[in-house]
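Now for the letters of each chain:
Number of protein chains: 2
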Amino acid sequence: MSEVHAARRAALRAHCSPGDGTALLISRPANLRYLVGAVPAHAALLLTPGGEDVLVGGAVAALRGTPDDALRLLAVDGDTDPAATAAVLAARDGAASLAVEEHHLTVARYRAVRAAGGGLPLGDLARAVEQRRLVKDEAEIAALRTAAEITDRALGELLESILVGRTERHLALELERRLVDHGADGAAFPTSVATGANSGSAGHRPTDRRVEEGDFLTVRLGARYRGYRCRIGRTFVIGSRPADWQIELYELVFAAQRAARETLAPGTECREVDRAARAVLDGAGHADALGPLTGEGVGLEMGEDPRLAPAAMGRLGVRVPVTVEPGVHLPGRGGVRIDDTLVVRPVADGGPELLTITTKELLAL
Amino acid sequence: MSEVHAARRAALRAHCSPGDGTALLISRPANLRYLVGAVPAHAALLLTPGGEDVLVGGAVAALRGTPDDALRLLAVDGDTDPAATAAVLAARDGAASLAVEEHHLTVARYRAVRAAGGGLPLGDLARAVEQRRLVKDEAEIAALRTAAEITDRALGELLESILVGRTERHLALELERRLVDHGADGAAFPTSVATGANSGSAGHRPTDRRVEEGDFLTVRLGARYRGYRCRIGRTFVIGSRPADWQIELYELVFAAQRAARETLAPGTECREVDRAARAVLDGAGHADALGPLTGEGVGLEMGEDPRLAPAAMGRLGVRVPVTVEPGVHLPGRGGVRIDDTLVVRPVADGGPELLTITTKELLAL
Numbered sequence: 001m002s003e004v005h006a007a008r009r010a011a012l013r014a015h016c017s018p019g020d021g022t023a024l025l026i027s028r029p030a031n032l033r034y035l036v037g038a039v040p041a042h043a044a045l046l047l048t049p050g051g052e053d054v055l056v057g058g059a060v061a062a063l064r065g066t067p068d069d070a071l072r073l074l075a076v077d078g079d080t081d082p083a084a085t086a087a088v089l090a091a092r093d094g095a096a097s098l099a100v101e102e103h104h105l106t107v108a109r110y111r112a113v114r115a116a117g118g119g120l121p122l123g124d125l126a127r128a129v130e131q132r133r134l135v136k137d138e139a140e141i142a143a144l145r146t147a148a149e150i151t152d153r154a155l156g157e158l159l160e161s162i163l164v165g166r167t168e169r170h171l172a173l174e175l176e177r178r179l180v181d182h183g184a185d186g187a188a189f190p191t192s193v194a195t196g197a198n199s200g201s202a203g204h205r206p207t208d209r210r211v212e213e214g215d216f217l218t219v220r221l222g223a224r225y226r227g228y229r230c231r232i233g234r235t236f237v238i239g240s241r242p243a244d245w246q247i248e249l250y251e252l253v254f255a256a257q258r259a260a261r262e263t264l265a266p267g268t269e270c271r272e273v274d275r276a277a278r279a280v281l282d283g284a285g286h287a288d289a290l291g292p293l294t295g296e297g298v299g300l301e302m303g304e305d306p307r308l309a310p311a312a313m314g315r316l317g318v319r320v321p322v323t324v325e326p327g328v329h330l331p332g333r334g335g336v337r338i339d340d341t342l343v344v345r346p347v348a349d350g351g352p353e354l355l356t357i358t359t360k361e362l363l364a365l
Numbered sequence: 001m002s003e004v005h006a007a008r009r010a011a012l013r014a015h016c017s018p019g020d021g022t023a024l025l026i027s028r029p030a031n032l033r034y035l036v037g038a039v040p041a042h043a044a045l046l047l048t049p050g051g052e053d054v055l056v057g058g059a060v061a062a063l064r065g066t067p068d069d070a071l072r073l074l075a076v077d078g079d080t081d082p083a084a085t086a087a088v089l090a091a092r093d094g095a096a097s098l099a100v101e102e103h104h105l106t107v108a109r110y111r112a113v114r115a116a117g118g119g120l121p122l123g124d125l126a127r128a129v130e131q132r133r134l135v136k137d138e139a140e141i142a143a144l145r146t147a148a149e150i151t152d153r154a155l156g157e158l159l160e161s162i163l164v165g166r167t168e169r170h171l172a173l174e175l176e177r178r179l180v181d182h183g184a185d186g187a188a189f190p191t192s193v194a195t196g197a198n199s200g201s202a203g204h205r206p207t208d209r210r211v212e213e214g215d216f217l218t219v220r221l222g223a224r225y226r227g228y229r230c231r232i233g234r235t236f237v238i239g240s241r242p243a244d245w246q247i248e249l250y251e252l253v254f255a256a257q258r259a260a261r262e263t264l265a266p267g268t269e270c271r272e273v274d275r276a277a278r279a280v281l282d283g284a285g286h287a288d289a290l291g292p293l294t295g296e297g298v299g300l301e302m303g304e305d306p307r308l309a310p311a312a313m314g315r316l317g318v319r320v321p322v323t324v325e326p327g328v329h330l331p332g333r334g335g336v337r338i339d340d341t342l343v344v345r346p347v348a349d350g351g352p353e354l355l356t357i358t359t360k361e362l363l364a365l
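Which chain is which? The protein sequence lines are A and B, in order. Residue 322 in UniProt numbering sits at position 322 of the first sequence, and the numbers go up by one each step. Residue 300 in UniProt numbering sits at position 300 of the second sequence, and the numbers go up by one each step.
For the record, the hints were derived by calculation from the structure and aren't laboratory data. The structure displayed is predicted, hence computed values, not measured ones. The reader is advised that the hints may include incorrect statements.
DEER-style ranges, computed between Cβ atoms [stated by the list, open to error]:
no. : chain 1 : residue 1 : chain 2 : residue 2 : range
1   : A       : G291      : B       : G94       : 50 to 60 Å
2   : A       : A115      : B       : I162      : 54 to 64 Å
3   : A       : P331      : B       : G267      : 53 to 63 Å
If we take Cβ atoms under 7 Å as the criterion, some of the chain A residues that face chain B in the derived model are [what the hints assert, rightly or not]:
no. : residue
4   : G78
5   : E102
6   : A108
7   : R177
We treat Cβ as the ideally placed atom computed from N, Cα and C, and that holds for glycine.
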């Protein structure tokens, strides 16, 4: 992996520091992970115009052996801001300016960086690293694929166990344990288990409510594997057979989710994906049930670009992993969510690659 | 609780906006929780010089009923920065300036706040809210006490189970499950379980190593209860009896921890607590084994003020909860950590109140 990280840094430098003497200072943890690999807490990366890459941090010594040869490690004590130390280095190396991540550095840290840099002018690197993270390479997609396999397996095992009488909290904890059992670093985001009137609610945090006969049960989880995160969401019915309203609502959300999935192709406008799901739900009178997003990019973080939303700009590209996650929640009754993680692929390569392969039939458990 | 939060806001306003027209903008989540109670994601609190308290946020509607009457709720859509909206309100209300948390706001958000405020001058609220959080009231200490009880119980149950052959990861997950079982909101920080050569290492993340006969086993965990967090750390020996070097090292760390605990009193210099532990370890030739801190404040966050460290400034006050957590790790062999959470109390009230009461005898399990 080490050449991969060195190549990413070289590409970033070529893009953001094209021979004008700009040094780049990266501090946002997910961006550091992308550019360096494993990242210690409290670190900053400096890319000098002269071509030197320096990782400054409180515990970089622990990284020895992990990063690539092209990276110099510089340890600082715990009270020193690594970003400020990086500014000192940039000034010493004769950089003409220093671009920092203004969307991540706090005002207080920014002032410390400015003071440490002497007269070195500061610029904004903005979301340049995030933009480079949008399209994944095949190694990143392989990590996402493994994350999805782990997630499918954890969910599959849960479905084989007895659910009635168990609390949302317990089911969520068991799912997270199973993720780790199967090799995940941990959960990609807090696992949501929602029963009865809670089901289908987007941001539901597990409670002590127990699963009952006749409930809808919505489960949303994802594994984190080598830093990469995915999401699956499924809704089940507890008992021998679903009620008519449950079948109807399930089929509606399934149709909306399928409609959105079917739009996923290189060149599709992001808002077009959202519109496809929304149109199905609107047609059935559930215009307000959908939240602000139908899906979002995933990778080293949940909620990366692109956003699949009504006002989203831009088009999908090849090898962009996204979630498609519409849902409807009827207050007091419950609802349905169906979430998948897919990778945008051209038709020639078989179209969108579905990573989360657990069945989307309405199972009665 | 609602009067408590209103009173905290009034005290903050009296302290930081003494009739000079300064509006206060609080954005740091733990500070919002302190001043408002439950806090939705993506929110900001504005205290106007005229005496109005406004909570601005994306999901403040969900708070209806929770906060106190003295708080106005203002919903904004998900793409709007609540801090920028608060700046608009402050300017409209005729504030002379707006103090923001420069240690929390990013440069990008700061620019958005400045633009939204028109010509409104911005100042720095700095860590004014954190300073007010240092000394806890008895309701906060009661929450910490419950957190510690839950933590002791989860640890006690683990000690009754069979440990040999189980992995660090599994033990950590089981402890976190037990914390939630006993009523915790969740873990206060990632639970650390370290066996064999990993034991005693401060930042150890659980691995797939299994517990073996003869191991030292170090466990560090804490519950989060109503937002309040504590820490306990204990080291055990696996097997019928400890080796001589294990007894010796344990007694040393225990002596260092006790020496530090015994200094805890109102008026003690923070660095004096650290020095007491360090002196014991230095005397035995383990000067380098101790990390930068012997302990730290706890409350709504881990790692609050005060820091118990060699260069720490300031003195302990009554009703300040701190951890005391020295440790020694011998590379390749393992080591010992013993962590407690205590509240500083005057001698007349019985001296320091030990919240984490699990025995510190060296147990052979």
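Tell me if the beta carbons of A/A115 and B/I162 are separated by a distance inside 54 to 64 Å. 57 Å, holds
Quick check: does the Cβ-Cβ distance between A/P331 and B/G267 fall within 53 to 63 Å? For B/G267 against A/P331, whose Cβ atoms are near 55 Å apart, the range 53 to 63 Å holds.
Given a cut of 7 Å on the nearest C-beta pair, is the interface hint for A/G78 held or broken against chain B? 5 Å, holds
Checking hints one by one. Is A/A108 an interface residue toward chain B, by the C-beta closer than 7 Å rule? 4 Å, holds
With chain B as the partner, please determine if A/R177 meets the hint condition of a C-beta pair closer than 7 Å. 5 Å, holds
Distance restraint hint 50 to 60 Å, applied to the beta-carbon atoms of A/G291 and B/G94: With Cβ atoms ~37 Å apart, the hint is violated.
Would the hint on A/E102 be counted as holding, given a Cβ-Cβ threshold of 7 Å to chain B? 4 Å, holds
Against the hints set out earlier in the document, a violation occurs for number 1 only.
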